[in-house]
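Chemist: If you're matching them up, the sequences are chains A and B in order. Everything in the first sequence is counted per this note's numbering, starting at 523 for the first residue and increasing by one. Everything in the second sequence is counted per this note's numbering, starting at 523 for the first residue and increasing by one.
Keep in mind that the hints are not guaranteed to be accurate.
Chain copies aren't distinguished; within one or between two, either way the pair holds.
Claimed, not checked - Simulated pairs of lysine-lysine, DSS-like, Cα-Cα distance not exceeding 27 Å:
1) Lys525 / Lys800
2) Lys766 / Lys525
3) Lys524 / Lys561
4) Lys720 / Lys800
5) Lys565 / Lys525
6) Lys565 / Lys524
7) Lys800 / Lys766
Note that these hints are calculated values from the structure, not bench results.
There are 2 protein chains.
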Amino acid sequence: MKKFLNSVDTLLDESLRGFAQAHSDIVQFNPQPRFIKRKNPGKAGKVAVISGGGSGHEPLHSGFVGLGMLDAACPGQIFTSPTPDQMLAAAQAVENGGGVLFVVKNYAGDVMNFEIASEMLDCPNSSLLINDDVSLPATHSTGRRGTAGTTVVERIVGAAAENGADLAACKALGERVAHSTASMGVALTSCTVPALGKPTFTLAEDEIEIGVGIHGEAGRERAALTSATEIVERLATTIDDELKPGQNQPVLLHVNGLGATPPIELYLIYDLAYRFWKDRGVAITRSLVGNYTTSLDMAGCSITLTLLDEELIRLWDAPVHTAALRWGC
Amino acid sequence: MKKFLNSVDTLLDESLRGFAQAHSDIVQFNPQPRFIKRKNPGKAGKVAVISGGGSGHEPLHSGFVGLGMLDAACPGQIFTSPTPDQMLAAAQAVENGGGVLFVVKNYAGDVMNFEIASEMLDCPNSSLLINDDVSLPATHSTGRRGTAGTTVVERIVGAAAENGADLAACKALGERVAHSTASMGVALTSCTVPALGKPTFTLAEDEIEIGVGIHGEAGRERAALTSATEIVERLATTIDDELKPGQNQPVLLHVNGLGATPPIELYLIYDLAYRFWKDRGVAITRSLVGNYTTSLDMAGCSITLTLLDEELIRLWDAPVHTAALRWGC
């Protein structure tokens with residue numbers, strides 16, 4: 523394993539301390555229990571939008587804390603759910619009179635721990651579940667995984683909360699965006715979890731994992747390495763079959779890097795995905811390309827499509843000021 | 523070689539087309555000869571700031587085209603200088619009555635080709651040379667290489683040009699920033715150039731390359747993989763010896779990822795570098811952490827320090843609207 527590291531035990535805290543220092547105009551780090559919160563809270567009565575999950579997916583979620591997106595993020599150890607006490611402490615720190623909405627990617631540990639935190643807060647039904655990964659069937663036993671579509675939901679719900687939408691409206695909006703969003707990924711290589719010290723899985727030099735999860739979970743199939751065009755066709759067709767965007771449907775196209783894939787390849791993927799949907803008459807109205815939901819040092823990418831309307835476009839474009847997304851302010 | 527690719531011959535144009543489409547609110551792509559230019563030119567009489575170099579370092583330079591930074595960027599093939607006709611065409615497209623300043627990283631091909639373009643434009647001395655890499659001695663036969671400090675120079679000079687500084691002032695400012703900036707990098711792995719199809723160099727599992735260049739050039743020494751703290755001490759000490767920041771000297775600290783190193787490690791490096799200089803009484807006043815000057819899929823990072831003053835801080839903070847850097851607008 524070749525990584526910048528002092529020790530596996532201290533990596534997360536050292537890194538979070540560095541993150542908070544580098545972005546001290548935007549965030550604050552609470553070390554015990556661990557959470558990152560906005561430095562400048564929103565208006566009184568604002569819904570507090572909180573997310574969290576295992577670390578190793580940065581900038582998700584800590585890099586999305588700030589005006590117009592998250593009020594707090596709870597980082598677990600790498601690829602490990604945060605604990606309910608983190609979520610509870612974060613909620614108590616940022617609750618501002620408008621209630622709390624937890625944005626939860628669909629993994630068993632995250633779902634359970636956010637549920638416990640909801641009970642401790644005496645706020646049932648305060649979770650918004652993200653399950654955008656269409657590589658698995660909707661009928662899969664544990665449901666679909668939450669992946670790069672999370673960024674889109676957190677941005678749009680965060681904008682609504684900043685604009686004063688109440689808890690029920692934020693949750694309903696989040697569910698609408700989540701249902702309008704589909705993602706699918708592909709890995710060229712595994713990632714290496716520091717505590718494990720070796721790659722999570724092995725791919726031959728001519729193999730790729732289609733439908734890979736953001737922790738290296740097996741996907742739809744292991745396939746031969748083929749052209750970028752064929753890979754994009756595979757991912758985009760699955761997404762298109764799910765969302766069925768009509769002629770002139772405005773969409774957001776998000777090409778997400780999983781960590782080790784350079785921009786020159788991500789923009790190639792974007793170009794191919796753009797043309798895939800343009801050829802079908804879909805209106806690619808907003809775009810996001812880069813490393814947002816990563817899987818440590820995995821080489822690979824995912825494609826996310828979200829069906830938009832005027833309201834969602836307006837919320838996407840609203841001011842956001844976080845470490846990883848920033849515009850309009 | 524595992525990359526998203528259709529063919530080596532088409533990669534650059536497909537990727538640039540995707541880049542320009544994804545950021546069509548900011549840039550336009552001219553395919554023949556290749557350059558990226560600002561969609562909305564600045565005020566008449568503004569100095570046109572133009573850069574370029576081999577591709578494979580994205581977001582440098584195309585991702586820095588836009589308000590408050592570059593007017594145009596000329597991308598060569600991967601790790602290959604752009605040609606004078608690209609630079610000439612870019613200059614003719616964006617020259618706006620204030621003259622042209624070429625920002626040139628110190629590599630023989632880039633220097634020669636920008637010089638030829640200057641002669642073709644009949645604008646001698648229109649180049650600003652960037653040679654921030656202190657891994658080589660200042661007396662090195664071809665001079666020091668231009669690396670991640672380029673981002674800092676392009677941002678600050680771009681802000682001055684946007685604010686109406688004339689050509690002589692922009693060039694003098696750029697030279698001042700360049701002389702106040704020092705960088706040093708370290709590689710954990712090689713990168714793989716698509717046209718070559720295999721890693722540029724080989725490092726053993728327990729080896730790192732200290733002082734690596736952004737194309738994988740050999741650096742100061744090949745050393746044993748050691749703790750992140752020791753690696754940062756090595757880089758930061760060399761930079762500190764060069765710039766000798768005094769007590770309370772305001773500085774910009776830029777930790778740059780070379781491509782495949784995830785944020786959790788980059789922020790660890792930032793934390794260690796921050797504490798290195800804080801312990802010496804230096805005032806880390808501005809920070810930039812992320813992949814800005816990359817080397818394809820190389821795992822590694824560099825540290826850049828720039829000595830600041832009130833004028834440079836004001837210019838750094840001025841509005842910038844590019845694909846890769848955006849604030850204040």
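Chemist: Would you pick out the hints that fail for this structure and give their numbers low to high?
Modeler: 2, 3, 4, 5 and 6
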